[in-house]
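Chemist: Sequence:
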Amino acid sequence: MNIRVRRGDNFWYYSQLFDVPVNLISDSNPGVSPTALQIGQIVRIPGYYVTFYTIRPGDTLWRLASQLGLNIDALYLLNPAVNPLALQVGQVLNVPVRVVNPVVRGRRPYTSAALTADISQLIEIYPFLRSRIIGNSVMGKNLFELQVGKGAKRVHMNGSFHANEWITSPILMQTLNTYLLALTNRSDIRGLFVSPFYESVLLSIVPMVNPDGVDLVIEGAPPQEPYRTNVLAINQGNPDFSGWTANIRGVDLNNQYPALWEEEAARKPDQPSPREFPGEAPLTEPEAIALAELTAESDYDRALAYHTQGKVIYWGFQGLEPPESQILVNEYARVSGYRPIRYVDSFAGFKDWFIQEWRRPGFTVELGRGVNPLPLNQFDQIYEENLGIFLVNLIR
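When we follow the numbering used here, the leftmost residue of the sequence shown carries the number 675, and every step to the right adds one.
Hints are computed from structural coordinates only; laboratory data are not their basis. What you are looking at is a predicted structure, and each value in this text was computed from that prediction instead of being measured. There could be a bad hint or two in this list.
The following label-pair restraints were derived from C-beta to C-beta distances [stated by the list, open to error]: (1) Pro896 <-> Pro997: 43 to 49 Å; (2) Gln715 <-> Gln762: 28 to 34 Å; (3) Thr903 <-> Gln795: 32 to 38 Å; (4) Gly911 <-> Pro776: 36 to 42 Å; (5) Asp1054 <-> Asn1004: 23 to 29 Å; (6) Gly714 <-> Gln795: 46 to 52 Å.
No residue lacks a Cβ here, since even glycine has one placed at the ideal position from N, Cα and C.
Given the sequences, and given the hints that come with them, work out the whole structure.
Modeler: Below is the structure:
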């Protein structure tokens, strides 16, 4: 919600007027100096949108503010040209409305277009949420990183490395929305007051590593050439791509990392395939490269890659994982009911590479149980299981 500065206004006053933490107002306006506000300057208030109210007989600003649970000065602020002593029937007022429910609807087929629309809507409501494009897919679709918070502890999460595991993307997005809502409204999540974590934790989320593959699974072969012809050939002419995990070129993005890549490549397909082809060499695919470059520059303290399925959490690689990893995975398991597994006979994944390169906690979280793509009737349960894992990352 945008407002215009009046004489005497300041961020602290806006915080009191709209009951929004002042640090979120400050971070929603990075180009605005809180100590040098200018009359008429635009300031963004997070957690609100503006709707319209048409004056009816007997209305007054005081009565309207009382009915809406607002401080009357909020109405003055949004309607500077209105004379409160001369309201006219039919006159239209701007009215601030607090957002009290999530806007992300995760329980639906979640394409790259749905993700992009949700990111735009979240940034509009919560402008302290930072978004940037870290690269592009083979087909040129944006790869987004979202950041919230500014603490010293840096936690990274990503989803949809594998195309038919796309449910991980709306799980991450709905979880993020829950956190943004609680931060702005000074509320709790499962009894945990989360506002202090905004200052102590920086969360980085890449919600959809493989947008081309996700769209392929959900929408079918793309109309663009040569992609359409190529994916149909790789899939042996079958228009059903529900078993597809790779990117649009038939490369498995979670077999693309230089962590025993040669050992993995020796036992996997040696040409483009719906699943498990590791590419001709490590880090050949733009999606894998973008995430590797982001990770290399970001100094994450831990990283979680979300996959499906099995309700297990893989947490080790070649004995290189630090002792903290076991402490964390045991907490994840306690709150989610998932089973920790230290080692698995699979290499070259993002988690493996993260542990190998930084000797820090890295995890592959296998959400849900069943056959990929998991049915949406599991969404609510998976969301609740992951919410516990998310909160552990704030607390520990």
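Chemist: Now look at each hint and say whether the structure bears it out.
Modeler: Evaluated hints:
no.	hint	result
1	Pro896 <-> Pro997: 43 to 49 Å	46 Å, holds
2	Gln715 <-> Gln762: 28 to 34 Å	29 Å, holds
3	Thr903 <-> Gln795: 32 to 38 Å	35 Å, holds
4	Gly911 <-> Pro776: 36 to 42 Å	41 Å, holds
5	Asp1054 <-> Asn1004: 23 to 29 Å	25 Å, holds
6	Gly714 <-> Gln795: 46 to 52 Å	27 Å, violated
Hint compliance for this structure: hint 6 alone is broken.
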